[in-house]
Each structure stands twice: as structure tokens, then as C-alpha cells.
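A.B. asks: Residues per chain, in single letters:
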Amino acid sequence: MSDYNFAYLDEQTKRMIRRAILKALAIPGYQVPFASREMPMPYGWGTGGVQVSAACLTPGDTFKVIDQGADDTTNAVSIRKFFEKTAGVATTEETARASIIQTRHRIPEEPLTEDQILVYQVPIPEPLRFLEPSEVETRKMHSLEEYGLMHVKLYEDISQHGAIATAYAYPVKVEGRYVMDPSPIPKFDNPKLRMAAIQLFGAGREQRIYALPPYCEVVSLDFEDHPFEATRADHDCDLCGASDSYLDEVIMDDAGGRMFVCSDTDYCRSRRAAGHVGAQGAPYEEGRP
Amino acid sequence: MEALALQGGFSDASVEAALAFRAVMRAMARPGTVEHVAGAVPPAPLSAAAGVVMLTLCDPGTPVHLAGEADCAAVRDWITFHTGAPLVGRERAAFAVGTWPDLLPLEGYPMGLAEYPDRSATLIVELNVLEARGARLTGPGIAREVALSLPETVAFQANAARYPLGLDFVLTCGDRLAALPRTTRVEAN
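Quick mapping for you: the protein sequence lines, in order, are chains A and B. FYI, in the numbering used here the residues of the first sequence are 1 to 289. FYI, in the numbering used here the residues of the second sequence are 290 to 478.
No wet-lab data here; the hints were simulated from the structure. Hints are supplied without guarantee of correctness; some may be wrong.
[Said to hold, decoys possible] Calculated pairs, EDC-like style, for lysine to aspartate or glutamate (alpha carbon to alpha carbon, straight line, at most 20 Å):
no.: 1; chain 1: A; residue 1: Lys85; chain 2: A; residue 2: Glu38
no.: 2; chain 1: A; residue 1: Lys173; chain 2: B; residue 2: Glu404
no.: 3; chain 1: A; residue 1: Lys192; chain 2: A; residue 2: Glu110
no.: 4; chain 1: A; residue 1: Lys192; chain 2: A; residue 2: Glu229
no.: 5; chain 1: A; residue 1: Lys85; chain 2: A; residue 2: Asp3
no.: 6; chain 1: A; residue 1: Lys140; chain 2: B; residue 2: Glu404
[Stated by the list, open to error] Output of the computed footprint for chain A on chain B, the stretches with three or more beta carbons under 8 Å from beta carbons of chain A:
no.: 7; stretch: 309 to 320
no.: 8; stretch: 404 to 415
no.: 9; stretch: 469 to 476
Computed from a predicted structure; not experimentally measured. Ideal Cβ positions, reconstructed from N, Cα and C, are used throughout, including at glycine.
Excised from the complex, chain B in its bound form:
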């Protein structure tokens, strides 16, 4: 393990994790809202926001899937050291992280069970652009409608159609994040 893997974690874990969780919760409760987070410096290609989300939510009880370029030695060591999460294939993942093309197809991830729809994966999608324009979002948490730059709309529509089963998404870009729970209705604009 490189010494690099030991760096870039929270310096004040309980407070930084609390602030980060509040940002993730606001994002999940209000789909389309873009939040800023801080505290983690993960190795490339992970964004700071993706690192913060993983430090806040992942531990030995949450299998993590690294998709595509995110599946490199530096990231594997960093996540293992800081969270202790086991690294697994997509079919067992509680969390998955990667770019949108690397994460596809969505069918392979746990979607939840009819009696336990919460047993589904949360995908952390690394984006180059995250801004309040593009696809039209409506649903719980949104007063009327909001816009968000999504990589596509069809896959999210198919995901919402499975409700109450389905995946939930945290969209990350640099130190910013937004979220898209399965309840959000997405229309191309």
C-alpha cells in the first residue's frame, strides 16, 4: 500500500461527516439541488465529492463496486484504508462509483426486493458537468419542477418506472453533488 492511500481522509471525522451527510440528505430530499461538500482528498480519478460521500456513508457493512477507471490500485487502497468497505462486483454492491458509461448497464445492480425496496444500490455518478439546466425533474421533494444536467434520461425513466424498487443516484462533479432518488420523474428538455 502506498503512503498516499493513508492521506486525504476527514481530519475531524464526526463533524465533517455530519456536515457532509446534511448536504447529501438535502440533495436526496430535494432532487436537483446542487450542494457543496468538503473534507476529502481522494486519489484520481475520484472527485472530491465522491470521496466525501464514500467517507460519510461507506464502512465494512457496505460492499462497494468500482466501475471502469475508478477501479485502480490507488482508489482501491484509499477506500480500503479509510472505510474498510469490501470491494465487490456490481451484483452485490451497496454503493458503486464511476463515470456514467462505466456504470452502465443499470440492470446488474441490486434493485431491492418487493418486501425490502431499501436493499438497493446507490450509484455515485462522476460527471464533467453538473448544473441546473437540461432535463426536467418533478416528484417528491420538488415544489414545482427543477432542471438538472443529466447524462441521459431514458435510463432514469426506466429506473423510476420500477418504483418502489430501483436505484438511487448521487451525481458528483468536483466538490459539488446533487441526487436523484428513484421517485423523481425525468423528462428530456
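Next comes chain A alone, as it looks inside the complex:
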């Protein structure tokens, strides 16, 4: 650990990121440009989230990383090990015990508290990017509050599919001003965006940081006759029986066998530890997956 400055980044870089975070909190939903650094992992592996986490970590923190809800995927494990090594912080897989949670594409099922910070890894921070490729134009559209194009996109969804087909990275409007991409979380998670914890979003390749302060007003875009709907697979978790969590569909064999399991592994584990058993689940034993 002594080979690195605390939390890997040098102090000048951390100051620059910290100033960007403060402005991001002062202008919720606005993407603050920052001088993103090369990190010892490829773009697309969470370099933005890692830089934001590095700027926020203190030695007393307990750090958790999830990738699509799971604590045990390659991305989550390697980022957790990165900060164990460079910051010497404690790590955990339990949502309630973590003070900082870095996440890729999910919000934990368990409600977060005022003492927690949720750091998102963001691939494309600009919600208008796939509608307008020019950064000059999208920046102008944000400054003029010109979001008609986004509503046209959602309307085209309805005219083609009969419903708003956008299932993830569902655009939201923050405090009645900025349209924001909540990162590719399933729209099931959108209602949780108004929460007690501080939410920070880091996009490394695109060099943007944005934020949502606690209890910030976050509204998913919709139409009066096609209101926003948070959807999930119409099933219970096959391991823990949860009917309120977001589910992954897992293909089991070549014969069409499949099961639905909680995408939030810690939520599923804690429910099984509490004695809940799903349709295909076995009773929980400590230490066994």
C-alpha cells in the first residue's frame, strides 16, 4: 500500500475531481467536464466510477462493488481488490455495511441510508447522444432546455411498439431542469433514484461527472396517456422466492430449462439466510453458494 498515494490518484487529480463533484451536486443532473485520467484498467471497465470513488474514499470507509447487482463478477472483484490494495479500505458484500457502493448498472434492492454514497459507472453520460451525435449541439440543447427530441424518441417507441420500449438507461428529468441519463440501470430502478444517499455518476472515457443530492426530484419522462411503468420479469426469484426484486433469467440446459434469480446477489443471499426458499432453491447453508 505504501507504494501508492492513498487511493491511487495523486492529490492534484483528486482536487480536480472533488471540485467537479461539488459543482455536480450544486447543479443536479448537469454533466460537469473533468480531466479524466488513464487508469490501470480499460475504458468500459468503470474508470469513471473508480476515479470518483478514489476522490471520495477515506481510510475508515467500507467499500462495496456490484456489477449488474452481483458482488462476485470479474469487474466487481477486481475493483474491490484495487482499492483494498491502493487505499487499504475494508470491503464488504453486505449493502447495509457499506459506506461507499460503486455500481455498474443496478441500484441495490435494500434502501440506502443518509450515510451512504452510491457511485455509478457510466458508459455514455449524454442522454441525447444517440439522437444527436454532436457534443456542440447537445450542449446547446441542454442550455436551451430543448428536450423535444427525447419526447419524439419515446413517442416513436409507442407508435412502433405500442408502449415505451426503452427498458434501461431510461431518461429522467432532474429538479425540473436537466434531462439526465441514469446510466444503464433497468427502468425498474428508476423510482429508487429519489433516495436518502448521495448519488455520484462518473464517465471516464467521456470525461463527465454528474450527481444527484439526497431527496432530489427525479422524474422519468413519459406521457399522460402512456405513464412511466417500472417493469420486471413476471416471476418470483427461484432461489429466494422474492417477488419484489429485479430478476436475471438464467438458461440452465439445452432443453429450454431456465430459472429467474435476483440480480442483487446480496439481497438474495440475505433472504435465503433468513429462511426464504424459492421454487428451485435449496435451504441456505453458510459458506455454500
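Take the given structure of chain A and dock chain B to it, following the hints.
C.D. replies: Relative to the frame of chain A, chain B by itself:
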């Protein structure tokens, strides 16, 4: 430069700056919350909290404006030695520090641009009193409402009316600080 200017910085920069930043971030994310900070001993008339904020956030990339009594040789030397921040007039400032009367009028500071509202100044306001009573605050970061002793309300209302442009404030008193981003709606009580 006096030898005094060389003292009073962080003794363990990466850890003390991390703890201080977390306090400033909590304050900015939850307007009205009063946080304690430690680690800096700046020369008078700067408060310890103002010193901590400057050591945590200022560097050669952030022009600093010293307003009124804060613009003295001891403070100038201390900030130059510990942060390397250039000292400038209010129209170029990324950070400004001083008492509320010394910082006024607010019109002279960078308010941000329509396409880059983040390019605005952060004012560190030195107060004699900082407590959870007085003006009523509502807005992002506040569950219902909180109270905070502000030096006045009209200037903060005018600042919030410019949203998304505007200034952000860190209010300091001794070793304590609170923050008031441009999004906070302020009403006199």
C-alpha cells in the same frame, strides 16, 4: 515570506484532505447541515474551516480572490505557499474568501455560462455565528426543510433565481462549515 506562512498545512495531506472533502461534500449535498473539519491552522483572520476548504480544493488551477481583511500579507503568503493558487480580482475568481460584507456585491463574480454553468465561483463566507436556526431552506438535498443562520436572504434568493447559473457558498465559522448551493430556496423566518 515569513516562516509562519510555511506552517499550518495538512500534516498527512492525502488522508486529511479526504476527510475534509467528505465533510464539504456532505455539506454541499445536504444544505444546512453543519460539519466539523480539522487539519489546517491558517493565519488570522482566516478561520480553521476556511483554511481546510482552501487546502482541500485550491491549487494552481483555481484563481483565488481574497476579499477585504482576508487580503493581508500573512494570508496571501500562506495560500501561495500551501496551494500555489494565483490571487486575482473577483471577476476571475474560482474561489473567494472573506466576511459577508467584504464579499458583496455578488454580481462581480463568475456566475457560469449557459452551456457551462459549472464555471462559476464558490464563495467561502466567514461568519461569526453558524447554527441551525434562522432562514428556512428547502430544495435538493433537504428532506423537508432545515434552518440555518444566514447573514441575509435576499442575495441568496436572487442567486437561486439565476439557476442553473449562480454562485455556490461554503459558510465557515471556527472549525465548522455548512454549504448553500445555488439550488437551495431560502426564505426569511
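A.B. asks: Look at each hint and say if it fits the structure.
C.D. replies: Now for the hints, and whether the structure bears them out:
no.	hint	verdict
1	A:Lys85 x A:Glu38	holds (18 Å)
2	A:Lys173 x B:Glu404	holds (17 Å)
3	A:Lys192 x A:Glu110	holds (10 Å)
4	A:Lys192 x A:Glu229	holds (13 Å)
5	A:Lys85 x A:Asp3	holds (10 Å)
6	A:Lys140 x B:Glu404	holds (6 Å)
7	309 to 320	holds (count 8)
8	404 to 415	holds (count 6)
9	469 to 476	holds (count 3)
Checked against the numbered hints listed earlier, the structure breaks none of them; every hint is satisfied.
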